[in-house]
Amino acid sequence: MISIALPKGRLGNKAYRILEQCGYTVGELSDDSRKLVFENEQSGVRYFLVKPSDVAIYVEYGAADIGVVGKDVLLESGADVYELLDLGIGKCRMCVAAREDYVEDTGRATVVATKFPRVARRYFMDTNREIEVIKLYGSIELAPLLGMSDVIVDLVETGTTLKENRLKVTEEIFPVSARLIANKAAYKFKENEIREIVGRMKEVTAK
Amino acid sequence: MLIDTAALPKDERTYLELGALYEKRGYALFKMKKFEEYSLYLDNKNFLGSESVLTFQGFGGKLFALKPDVTLSIVKNARVPEQGNLKLYYRESVYRTERGGTDFKEINQMGLECIGALTDADVRDICLLAAESLSVIDGEFVFAVSHMGFLAAMLDECGVRDEERRHKVIECVRARNAHDLAAAAGEGADTSALARIIEADTDFASVLALVGSLAKGEAASSAAAELKALYDSFGDSFRGRVKLDLSIVNDIDYYNGIIFQGYVSRVPKVILSGGRYDGLLARIGKGQSAMGFALNLGELNAFYPREKEEAL
Chain A
-5 MISIALPKGR
5 LGNKAYRILE
15 QCGYTVGELS
25 DDSRKLVFEN
35 EQSGVRYFLV
45 KPSDVAIYVE
55 YGAADIGVVG
65 KDVLLESGAD
75 VYELLDLGIG
85 KCRMCVAARE
95 DYVEDTGRAT
105 VVATKFPRVA
115 RRYFMDTNRE
125 IEVIKLYGSI
135 ELAPLLGMSD
145 VIVDLVETGT
155 TLKENRLKVT
165 EEIFPVSARL
175 IANKAAYKFK
185 ENEIREIVGR
195 MKEVTAK
Chain B
44 MLIDTAALPK
54 DERTYLELGA
64 LYEKRGYALF
74 KMKKFEEYSL
84 YLDNKNFLGS
94 ESVLTFQGFG
104 GKLFALKPDV
114 TLSIVKNARV
124 PEQGNLKLYY
134 RESVYRTERG
144 GTDFKEINQM
154 GLECIGALTD
164 ADVRDICLLA
174 AESLSVIDGE
184 FVFAVSHMGF
194 LAAMLDECGV
204 RDEERRHKVI
214 ECVRARNAHD
224 LAAAAGEGAD
234 TSALARIIEA
244 DTDFASVLAL
254 VGSLAKGEAA
264 SSAAAELKAL
274 YDSFGDSFRG
284 RVKLDLSIVN
294 DIDYYNGIIF
304 QGYVSRVPKV
314 ILSGGRYDGL
324 LARIGKGQSA
334 MGFALNLGEL
344 NAFYPREKEE
354 AL
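Sequence order for the protein chains is A and B.
With my numbering, letter number 114 in the first sequence gets 108, and the count goes up by one each step, no holes.
Each number in my numbering comes from the position in the second sequence (counting from 1) with 43 added on.
Each hint should be verified, as a subset may be incorrect.
Stated by the list, open to error - Far from chain A, some chain B residues (derived; all Cβ distances over 10 Å):
| no. | residue |
| --- | --- |
| 1 | E55 |
| 2 | M75 |
| 3 | L109 |
| 4 | E200 |
| 5 | G202 |
| 6 | A218 |
To be verified - Below 25 Å or equal to it, Euclidean Cα-Cα: the simulated DSS-like pairs (lysine-lysine) are:
| no. | chain 1 | residue 1 | chain 2 | residue 2 |
| --- | --- | --- | --- | --- |
| 7 | B | K211 | A | K109 |
| 8 | A | K129 | A | K8 |
| 9 | A | K45 | B | K329 |
What the hints assert, rightly or not - If you only want the chain B side, here are some residues facing chain A, beta carbon under 10 Å, derived:
| no. | residue |
| --- | --- |
| 10 | N220 |
| 11 | H222 |
| 12 | D288 |
| 13 | Q304 |
| 14 | S308 |
The hints are simulated quantities; they were obtained by calculation from the structure and are not laboratory data.
Note that the structure is a prediction, hence the values are computed from the model and not measured.
Backbone N, C-alpha and C fix where the C-beta goes; we use that ideal spot for every residue, glycine too.
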């Protein structure tokens, strides 16, 4: 039996559609229920629905053998897991954005508001710039508008939210999409089963 | 009074069984202080894989650190005989943060080091002893082997010279991430051989064939021969549990030959790690060769709870 952690919500539903096409079905997962664990002995899989930001943790600690997680969440968690496949869904970009009239003051540390402090610190450290991070949990775009931060580090899908708030992308950090990850110990003991899932998902996503 | 070892917690039982095993193989117990001068860890932070060290100031202003690692202390302090090898085992606490967190943990470690003029047979014996150590903990184990010499040769061959890019490529190998490999290596690099390594399974014989087909230079060929000799040295009882997993990568400056990790089925994380680290000795001005491994046994009890009747 392979345990699969899926993120609750849109990305999880898309990932499940792929797994369904691969033959790993559990009928009731698509139903609008409050259940969090779904199992099908015949397909040999058990699904857990968890908060998107927790998927990598469930996999790293071995509660799930594999999982589907956005590259943004994966890098922010720093989880020591295998990253076996780019599923090509949930595509967007991790970007630095600022007010349209923003001009960087290189004479002081840049104040960065973000849900992704680890990603932000690493990016600015790599480019040798001093920053001060303000961790926020939502409505990140407000921070530069209210003068609380100089820039934000956040996910940008179409750019509409930024435009509506008179913000612009100043730097692109990395492209984001959903990844299939695996616990390193589970991979050692269930290698054939996990490789079978990876192979089937590769075929489906390549279509 | 005789003590019934079966009633002991799993970690205590394992310490006793492994201690007996290592002494039988000629390793002597080595006790050491709980702290070292901080500069030892600062100078070798890449060997530790972390900069998080618990420090305190001694009399006279000298900065000390609670040991985050045992190998560095042994290499620094142990007196290696002119003839033969120094063979030591230890049971010590180390103090580290985990997963880049900020909370320090006391981790109970057991392990061994062999320092001197290591022969190929010594290397194979240490690997076998590491696999045997896993079997003492649980018959359901996996001993996964890799080779730093081979991986370093493959990195050189793919043409990534820039230090930052090499680091990113190594991260991809470590995560079995073939999809980001080409972007990590940058333009002009040929990552096809590394991608084949990442995408391969871990069946020793089949990966060995792949290694043989990819090995062009002298370093890679000699690594392939060393891996084959190691595989041949394992008896039938262990051979099915020995894997060739080239996604295991340690720091190139410190580790040179065979490296390995060990897993047991009930514990969802690596429980044993080690390898050949001649590079560390070279960096601290010693010309010998060395190999060893460490087991993190502190968390075993959580995964092997005592049966009620066993504890009575």
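Taking the hints in turn, this is what the structure says about them:
Non-interface status of E55 of chain B relative to chain A is upheld: no Cβ of that chain comes within 10 Å, the nearest being about 23 Å off. Non-interface status of M75 of chain B relative to chain A is upheld: no Cβ of that chain comes within 10 Å, the nearest being about 28 Å off. No beta-carbon of chain A is positioned within 10 Å of the beta-carbon of L109 of chain B; the least distance is around 23 Å. The beta carbon of E200 of chain B is kept farther than 10 Å from every beta carbon of chain A, the shortest such distance being approximately 23 Å.
At roughly 22 Å, the least C-beta separation between G202 of chain B and chain A is larger than 10 Å, which holds for a residue marked as non-interface. Its beta-carbon lying about 4 Å from the closest one in chain A, A218 of chain B breaks the requirement of being farther than 10 Å from that chain. Taken as a hint, the K211 of chain B and K109 of chain A pair is honoured in the structure, with Cα atoms around 24 Å apart against an allowance of 25 Å. With a C-alpha separation of about 29 Å, the suggested pairing of K129 of chain A with K8 of chain A is violated against the 25 Å cut-off.
A distance of roughly 51 Å separates the Cα atoms of K45 of chain A and K329 of chain B; the hinted pair therefore is violated under the 25 Å criterion. For N220 of chain B, the shortest C-beta to C-beta distance to chain A is roughly 4 Å, which falls under 10 Å, so the interface hint holds. Contact between H222 of chain B and chain A, as hinted, is supported at the beta carbon level, the nearest pair being about 4 Å apart and thus within 10 Å. Against a cut-off of 10 Å between C-beta atoms, the interface hint on D288 of chain B holds, since the closest Cβ of chain A lies about 8 Å away.
Hint status for Q304 of chain B: holds, given a least beta-carbon distance of 9 Å to chain A, under 10 Å. The beta carbon of S308 of chain B comes within 5 Å of a beta carbon in chain A, closer than 10 Å, and the hint placing it at the interface holds.
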